[in-house]
Each structure stands twice: as C-alpha cells, then as structure tokens.
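Undergrad: Spelled out from the first residue to the last, the chains are:
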Amino acid sequence: MIDLFATPTILGLVLLGTTLGITVGAIPGLTGTMLIALSLPMTFSMEPVSGLVLLVAMYVGAVSGGLISATLLRMPGTPAAIMTTLDGFPMATSGQPGRALGLGVGASLFGGLISWLALWQLSEPMADLSTKLGPFELFSLVILALAMLAGIGDSTPASGLLAGSLGVLVAMPGMHPASGELRWTFGLTFMNEGFRLIPVLIGMFAIGKILQDVTSKDGKVEEVSGNDSAWISLPVWVSNLFNLIRSSVIGTFIGILPGIGANIGSLAAYMAAKRASRNPEKFGKGSEEGIIASEAANNATVGGALIPLISLGIPGSVIGAVLLGALIVHGLQPGPLLFRQNPEAIYAIIGTVLIANIMMFLIMVGCAKWIARLSAIPKKILFPSVTLCCIWGAYALNGMWFDVLVMLLFGILGWRMEKAKLPLAAFVIGFVLAPIAEENLCAGLMASGGSYLPLVTRPLSLCLLICSVVLIIWKRKPKNANTQSSF
Amino acid sequence: MESSRLKSILFVPLAKIILTHFIFLSSLNGEYPSKPITVIVPFAAGGGSDVFVRIFQNAIRKNNLCPQPIVIKNIAGAGGTIGSRTARDAEPDGHTILCLHDGIYTAQHYGNADWGPADFEPIAATGRSGVVVAVSENSPYKSLNELMEDANSRPYQLVYGTNLGAPNHYSALFLQNGFKNSKFRFTQTGGGAKRLAQLKGGHIDVTGFSVSEYQQFKAAGIIALASMGVKREASFPSLPTAKEEDVNATHSLMQFWWAPKDTPIERISYLQNLIKEAMKTDEIKTQFKNLHLEPIVQVGKDLLNTIDLRSKNLENIYIEKPTTMPPLEWIVLIIAVTCAFFVNRESKTV
Chain A
-14 MIDLFATPTI LGLVLLGTTL GITVGAIPGL TGTMLIALSL PMTFSMEPVS
36 GLVLLVAMYV GAVSGGLISA TLLRMPGTPA AIMTTLDGFP MATSGQPGRA
86 LGLGVGASLF GGLISWLALW QLSEPMADLS TKLGPFELFS LVILALAMLA
136 GIGDSTPASG LLAGSLGVLV AMPGMHPASG ELRWTFGLTF MNEGFRLIPV
186 LIGMFAIGKI LQDVTSKDGK VEEVSGNDSA WISLPVWVSN LFNLIRSSVI
236 GTFIGILPGI GANIGSLAAY MAAKRASRNP EKFGKGSEEG IIASEAANNA
286 TVGGALIPLI SLGIPGSVIG AVLLGALIVH GLQPGPLLFR QNPEAIYAII
336 GTVLIANIMM FLIMVGCAKW IARLSAIPKK ILFPSVTLCC IWGAYALNGM
386 WFDVLVMLLF GILGWRMEKA KLPLAAFVIG FVLAPIAEEN LCAGLMASGG
436 SYLPLVTRPL SLCLLICSVV LIIWKRKPKN ANTQSSF
Chain B
3 MESSRLKSIL FVPLAKIILT HFIFLSSLNG EYPSKPITVI VPFAAGGGSD
53 VFVRIFQNAI RKNNLCPQPI VIKNIAGAGG TIGSRTARDA EPDGHTILCL
103 HDGIYTAQHY GNADWGPADF EPIAATGRSG VVVAVSENSP YKSLNELMED
153 ANSRPYQLVY GTNLGAPNHY SALFLQNGFK NSKFRFTQTG GGAKRLAQLK
203 GGHIDVTGFS VSEYQQFKAA GIIALASMGV KREASFPSLP TAKEEDVNAT
253 HSLMQFWWAP KDTPIERISY LQNLIKEAMK TDEIKTQFKN LHLEPIVQVG
303 KDLLNTIDLR SKNLENIYIE KPTTMPPLEW IVLIIAVTCA FFVNRESKTV
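Residue numbers (our numbering), protein chains in the order written: chain A, -14 to 472; chain B, 3 to 352.
I should point out that these hints are in silico values taken from the structure, not numbers from a laboratory. Fair warning: this is a prediction, and the values are worked out from it, not measured in the lab. For each residue, glycine too, the CB sits at the ideal point set by N, CA and C. Honestly, I wouldn't trust all of these hints.
[Said to hold, decoys possible] Which residues of chain A face chain B? A partial, calculated answer using Cβ under 10 Å:
1) Thr141
2) Arg181
3) Ala361
4) Pro363
5) Ala419
6) Gly434
7) Val455
Please model the entire structure based on the sequences and the hints provided.
TA: Take a look at the structure:
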C-alpha cells in the first residue's frame, strides 16, 4: 500500500482529484456526483488503480468542499453541507469566517480519519450488520430523523415540523417510490420523476438567498467580514473530542446504509450534538459544536459508504454506485472476492481515503485566507455568477429546462419561507427523507402482506420508534420564542 | 390531452421552422452524420445502461468509426420513461437515438408509459444478458422446482424482491406463469445491490439477478437456483435452466437501440453498420466479457422477430396490484395543516 502511494503519478492524481472535488463541492449547483460521472469515461483509458484513486479523491474533496460556500455564503455547495449552514454562516457573519472554516475543515479531517479506520479495520463485520436492517428498520430510522426536524435550527417545534412536512409534500409528485405508479403528475411526463433534489436544493438555498439579499429594502444584509485565522488551537479540539468521535461514528454508520448517506449522517450527528451539549441554545447561532458535528459526520459518511462497496459490492451512495460501475469497466469484480483477487484495488481505495482527507485538510487550511476572501467579492459579480452556475448545474443534470424552472420556483419559495421564519433545512431534509420512508414502509408492508405489526415486533425497529416518540414529547427547555432567526 | 394540445399550438410551429431550416442545411451538403450523434440513456450516469453505452462511445472513438462524436445524454428518472419519451419526441434525423433495454416493453405493459416499441424505429439489439433466480445460502430451497412447488402449495407467502414494473419483476411473473398456480408475494426492493442486501439479511426469500450481477454477488452468500435462458449460461455451465426444472419460463435482457419514428431508412442502416462495426472491436469484446454479456447483435428480420416475441410474451401476463399503500400524502397534508395552525397562533401571540 505504501509503495503504491509513493509514486508521484498516484499522488498527483489524489491531489488533482481532491482539488477538483473541493472546487465543484464549493460551487452551489455543481455536485461531486456530476464530477465523478463526467470523469468516469476519462478513466476508461487509465490503469484501473489510477482511475479508482482519482474518483475516490474527487469523492472526498467534493464532500469537504461544500462547507466553504455553506459557511461563507449560507449556500450549501453539496446536500451534505446543509447542516453546516446553520452555524457556519452565523459564525462567519459575526466576524469569524476563518474560525468557522477552520472548525469545519478540522472536523472534516477527523471524521474522514475515523471512517477510514473503520473502512480499514471493520469493513466486514459492519457490512454484515448493515444487511440486518430491513425495510421496517430503515423506515423507523427515517422516522427518527424526521422527529429530529422538530428541533432544527433556531425555530419553534411547530415551524420546524411545518417546514418538514411541506418538504415531504413537495416530494410526493412523481412515481410512487414503492409501487411505481404515478401520483400527482397531472399527466405531464416531465413530472414523472417529480422534483429533483439538486434543483430544489440550490433553488431554496442559493437562489432564495440571492433573492433575499437583493430585495432587502433597508440594505440590512448579513455580511461576512473579518480576517481571522483558520488555525484552531488544540484545547478547542480536546474539549470537543467526544463530539468529534460521536459525530464521526454516527456518520460512518449512517454512510453504510444504502441510499441514506451523507445528508442524514450530518443531520443525526448535529441533533445528537445539540442534545448532548451544555449550550444547546447556541445551536443555530454560530455554535462551534454544530459546525464540528455536521462536518465530522459528513466526511465520515464517505468511508462508511465505501464499506459495503468493497466488502459486499453494495454501493452505499450514488457515488458508490458510480464507483461500482468503474470497477466493473476496469475488469474488477466487486464483492467479497475483490479482497483476494485484486487486493491492490482495495488498498488503492482505502489508501486514497486517507491521503485525500489529509490533502483536503492541507489544501483548505493552506488556502483558508484566500477562500475566506470569496465573501468579499462584490455581490454584483458574485450573485450573477452563482446564478449562472446554478442554472448550468440544474440544466446539466438531465438536459431539461424543466429542472431550471423548478430551481427558480423553489428559489422564490425559499425566499418566502425565510421571511415566514420557516427553517429551510427542515424543508429540504423532509424532501430528501420522504421517498426513503415511503419506499421502505410500503416495501415492508408488501413483504408482510399488509401487516404493520413488524414495526413494533422487530426489536430494532421498536427501539428506533420509541426514540422518535421520546424526541417529540421530551419537554424542551423553554426558550425565548422571539429570538430572531438567523437561519 | 390538454398538454398535447397546448404543445401543438405552441411548439409545433416553432419546431417546424427549426426543422425546415435544418433540412435545408443538411440537404445542402446531404451528409449524415452532420453533427454529433446524441444517444439518450434514460438512466443515471454510472449505472449499468450508462456504462454499456459509454463502452460503445469509447470503442467508436478509439477506432475512428464515425466522423462525428457520439454524445451521451442521461435523462434519468421514472424507470426510464422520461428519457424514452424525450427520444420519442426528438427530431427524426438520426442525430438523436435512444438505448433502452427490456424496460421499454415492461413500462408500457405496467401502465407507466402509453408508448412502447411500436412508437420507435428499431435500430439494433445488442448484448444478451442472462437472468438467474437466486436465494440466500441459508435458504431451505435447494432447487427452483422445490421453490416453485412451495409457491404453488402456499400461494402469496414467498416474498420475491423486485423493482416493480421493471424487467426483473417480469422475470418473476414469467416464472409463476410457467408453473401451475404458483404465486409470489412481490415487494419493492430496488436495484441489484439492494436486492442482494435484503436477500442476505433475510428480508426477502428470493429474487432475480442478471448473470453479471450474480457473478459479482455470489461470494457474498447467495446461490442461484436456475438461469432463465433457453440454454445454460456459458459462465455457469452447471446451473440448470428453468425449463430443466419443469418451469416453463424463459427470460433474458438485451439492450435495444431505437430511433424516433420516421427516421430515414438510410440513416438507420448507417447506425446499424456503426453498431455492427463497433461490436467487432477489441474494446467491446473485452468489456462484454467483463460484463458477462453475450456479444450478439441483431438487425433487420432477426431484430423484428425478437421485438415481436418479447411483446407477445407479455400478453399473457396479468399484474395483480400490490397491497394497498397507506395514503401517506394525505396524512402529511393533515400534519402540515395542523402545524400551520400552530405556527399561525404562535406568531399572533408573539
């Protein structure tokens, strides 16, 4: 493994992949999945190991890059960075953009390393464990995540749930995730897939934010200013050690579950950190614990998602599925045999996760000064270019103008919701989770012949449901209901 | 209906202007292809179908088989129907074509598309992939016949994991049609990787895989009981066919290339030659071997026979709708309205 990464070409590829990944991750509208899918054909003519190294490095870079725009512009560059906007942006607007970036980058590195350890040492038992989760357990897990929406950001429980359920409703049109029948499409073919995640996400956050700033009459726009250092001292990390470990473990494990991935990983870690925190009232207003939880967890999902891929041949994420395709095209047979037949491919993947995380850290810390200046770009240059990127990203997804239209409409919706103080993150997470919940519940019902009983007779499912109920009815500390929402 | 009328008012005149303009230009030099050939792949980039077409793209480019580049456009979603609809409505000038497997038949039969093979000009069928029926290695069933006997004596009890409305659902429907009164209990499981995880975890009893998927997954603890080809699979010569197990069912998957209706015949034959030439290249031969695809290509009469046979096979298939789904959309609507009420009250008290 060491000699593989001692060659300059391979190291160069990791550097290239990580840098490209960070760049697309940071640009709202462009995602790591797009970058990897577009680069896949390029790797056809490369050595299999080189190709894998490049693609995995892009994956690590893309998940990390999202924190830049989430922190400085309050626009998550990738879906996984939604939770980072909650605390990263308030911290940046309070004059500490460097610190916010530094916390995010450091936590990302930590999360990446923990999940790398799990990938290296615990692949097989963890992958086996993940297959024990059937549709009912996955449904209950999603319900638990939805129950967490009630306390998201700085909102009241009712507005969190309202935003979340609106997100769920918006996910309803299109093909039923389980029966495959069409619902609420009004006979329009382009509605068959419903609204897609990327246009909805970048519309709500990027376009919505632009509309909000452009239309604010009194000119009172939250500005990111300050030129502080991104170097975070060791005592800060030590005092957050439990948070770092907990978030990384949550991220790794959720990353393993197919189709659930980075978004829920960072949500769950964030909410767990808030519950455990001595200062929960700071969450949503620039809490360092919030940034750390979200970023440690989303980077940890990368290693997690690769665990079932290399041990069972099951992709744990969309990007995992693309990597699976890459393995096959290169004549490698994914699955348990890969360890024996092509150990060099496994070591290439595992090694790249480690090295790409370290490079990501060095690149981002090294460039933090310049990165933080992004927010100093005048709005009249920044906004049109972000809008163009968003339009390009939405269109490139499927080559359909419908997606661009969807993005613009959701931009307006995001802007209005912001005015009504409804948390956007809850909306988007409801939107992401609804199809997963519905698919698993209905699949479970089809398998049980229509009986709901397994929801409570299967121990793990019951346990998750009890946690959800406790989360909802748990008496929350009375808060000042009139705090101005910074989110 | 509404939308098509709207479309004929708004778009058709516009399309005609563009079309006449274009025909004028292309007849001027009379060449084909005069611009890149776009292949619509109705699934996401990186998936099986996408990789399949990219292999052709790569082989054609490397061997300079076509003066124009091949461009892939992924229009994913809704089981391939959004992409196939786009291809159906594309300009029939041979510069936009579609590559879609057996899903084109099943989506129409399942009722998710009111268009199907008859709405396209078929170009070619390439690369046959076998299908196997598989169980977990801890399963009590040691042969397909035993499994089907059980599905016959205890109907609707064996849980079969599928992707409803997709070809692998139909493999299972062919199986139960081919054996007495056997009935499976179908559940939505999703793509190959999800079916593997659920089979391994004991959440489903049986499922189907393509030979390529099975080759990848078999070491994870699953066993194929039979293949569904007319004869045994070359990669698994000891695996019996369904017919040998007294189940009168065959099924396989092919990738079909389609052009929009009314694409000129000489352009179709150009594309047919291009595909046939590409099939002869080393690139395709190696990749087909990696993917366990039989390197066959059908055009002309053979192709029409294949399409006919596949459409006929579906005629005897009756879909029983799965268990009634809970009306989640209405439940959530009620929750949303309730929350809106509380939010409204909160904002008044503040």
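Undergrad: All the hints need checking, so say for each whether the structure fits it.
TA: Each hint tested on the structure:
1. Hint on A:Thr141 holds. Least Cβ distance to chain B is approximately 6 Å, under the 10 Å limit.
2. Because the closest C-beta pair between A:Arg181 and chain B is about 8 Å apart, less than 10 Å, the hint holds.
3. For A:Ala361, the interface hint is violated, since its Cβ never comes within 10 Å of a Cβ in chain B; the closest pair sits about 36 Å apart.
4. Here the hint on A:Pro363 is broken, as its CB sits about 35 Å from the closest CB of chain B, past 10 Å.
5. Taking 10 Å as the C-beta cut-off, the interface hint given for A:Ala419 holds, the closest approach to chain B being about 8 Å.
6. Taken as an interface hint, A:Gly434 checks out: its beta carbon lies about 6 Å from the nearest beta carbon of chain B, inside 10 Å.
7. Residue-level restraint check for A:Val455 is violated (minimum Cβ-Cβ distance to chain B is 19 Å; threshold 10 Å).
Of the numbered hints listed earlier, those contradicted by the structure are 3, 4 and 7.
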